Every structure is written in structure tokens, then in C-alpha cells.
Amino acid sequence: MSYCVNPSCPEPVNDIQAQICKACGEKLLLCDRYQILRFIGKGGFGRTFLTADVSSLQPSLWVIKQLHSKRQNSSMGKKLFEREARILGEIGNHPQIPQLIDYFEYRQQFYLVQEYIYGQNLKQEVRGQGVLDESQTRQTLRELLLILQTVHSHNIIHRDIKPSNIIRRHKDGKLILIDFGLVEEQISNFTTDDIDQIILSEHSVGTRGFAPPEQLALRPVYASDIYSLGVTCIYLMTGKTPEEIGLNPMTGEIMWLKDLDISKSFGNILLTMLNVSVENRYQTAEEVLRALD
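Going from the sequence shown to my numbering is simple: count from 1 and add 124.
Derived from the structure by calculation, the hints contain no laboratory data.
Since the structure is predicted, the reported quantities are computational estimates derived from the model, not experimental observations.
Derived pair list, reagent style DSS-like, types lysine-lysine, alpha-carbon separation capped at 25 Å:
1) K388 / K364
2) K202 / K151
3) K247 / K382
4) K166 / K151
5) K364 / K382
6) K166 / K146
7) K166 / K202
8) K247 / K166
9) K247 / K364
10) K364 / K298
11) K166 / K364
12) K247 / K298
13) K247 / K295
Construct the entire structure; sequences and hints are all you get.
Structure follows, in C-alpha cells:
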């Protein structure tokens, strides 16, 4: 099938041979190059689609992201879009981060085209195959920390690390960190008005339960990603979100220890990663790697 990306289209699904959407009259081939095959999902960045690049003799499959409509209607929206494209271009050379293929504005809509990762995310994996043991979780944590080192080395905070944003690639079993729609970098180059617009975005915080207190207060730091990675480890070993496990009403800490039988050393590492006080948490991925060693 062919899918119409007009946000207001009442019936976006079309026949694969169609060139014009039957419901809204929108042209289906973006930039005379990208044929949208199906809708994948939506998140903080916007909507995501599977697309085929038909401009070559052997069409390639990519993921195309359409910027959230609320970000389209201001100069700040365009600034954020261009910043995100630049960031993805910088870090997309890492073999475990999707490569940025293209970005463009088309009919007053902003689009990013990225490498399509064929595989299952860790949330799907846990639901289908069951939880991980301590050894498997340690190995997963180590691999993700090495990716996070690269992300942070570019002065970038991911801000949305969670099991559904980590895909195990089928062809080699490698973990791929995806969805950089909430990335944060130093905002000293923005004006006060710009920062206010960022703060007012309803999608600027992250995912409830996986985001630490300072991020919910709109003050994320590198250690915020460490916290989210710690919560991800708890999910991998329990199959439960923080809301399902429960929080200490006095401290706000996740009450996960009662659900797990793990070594004292690994337990202490997770406790430090999950400390609600950012000052008492690991500050860098390197610190966690040293603790694991």
C-alpha cells in the first residue's frame, strides 16, 4: 500500500499504484523520491513511517520522520529541526546509531530520513522471550554504555532511553539506540525566548518513569541518561515499569530490590545509577563501565 502523510487526511491508506491520495488529493510521492509504505508510530518528535526510496534502480527502505505539527508553526520549530538534523548527522556515523540519510522541508512540513533497523526492540523482546538474568543484563548494559559514551562525547543528552528505543538488529544481534527526537545539547546559543519555547513543549520531558527528577524539572544532565539506563535494566530483569513496581512515597525511589535476586555488586551499581539525587549518581558512562569492571 501507499500511505498519505498529510496530517489532516481522513483516509491515508491508498493502493500501491496510486500517485494521488484518494481522500485528500495530496501527492503521495515525497520529493518525487520517497514512497510512504506504512505508518510505524508516533512519539515526541512526531510521526514515523516506513518509506521506499524509488529514485534508484534498487529501491531502499528507510525510516522517515515527520516533525510534530506543533513544532512546524514557528521559527523556533525550524531551528530545532535543523539542529536535530545536524546532531544526527554528527553521531549517525556510529555503527549502533541509525544513519541520517536525508532531511528536507516539503509543503511546509519537516522530514528526517534515517536508516531502517530491522529487528525487535527490547520491550518486544522481553514480552516475547521473557526477562533477562543478571549476566545478560550486565552485557546489555555494557554495550549500551559504550554507545552512550559516543552520544555524550558530542555534548548530547538523549533524554529518552527506554527499552522501546533500543533495537536488537537481526543481522548481527547488535543493540541500536534510536529515537533522538528529544536530544538536548548546550542551549547557551539560544535566546531566553527560545528557551521558553523549548520548555513549553509538551514533548520536552521524556518518558514518565524512565526520566529522573532533574529532567522532569527541565534540567537534564548527562547523568539523566544514566538514570534512564538504570531503569531500563530493571525492566529487562523484571518485565515491569516503575509504575508497576511501585515508588517509595517518601523518596520517590523505585522499590525494585524486593523483586530481584542479584549479586550485591551489581545491585550497588544499579542503586547508584538510580539515585534520585543527581549529585550521588554516576556522572558519566565511563564511571559505570569502571564499576562493572
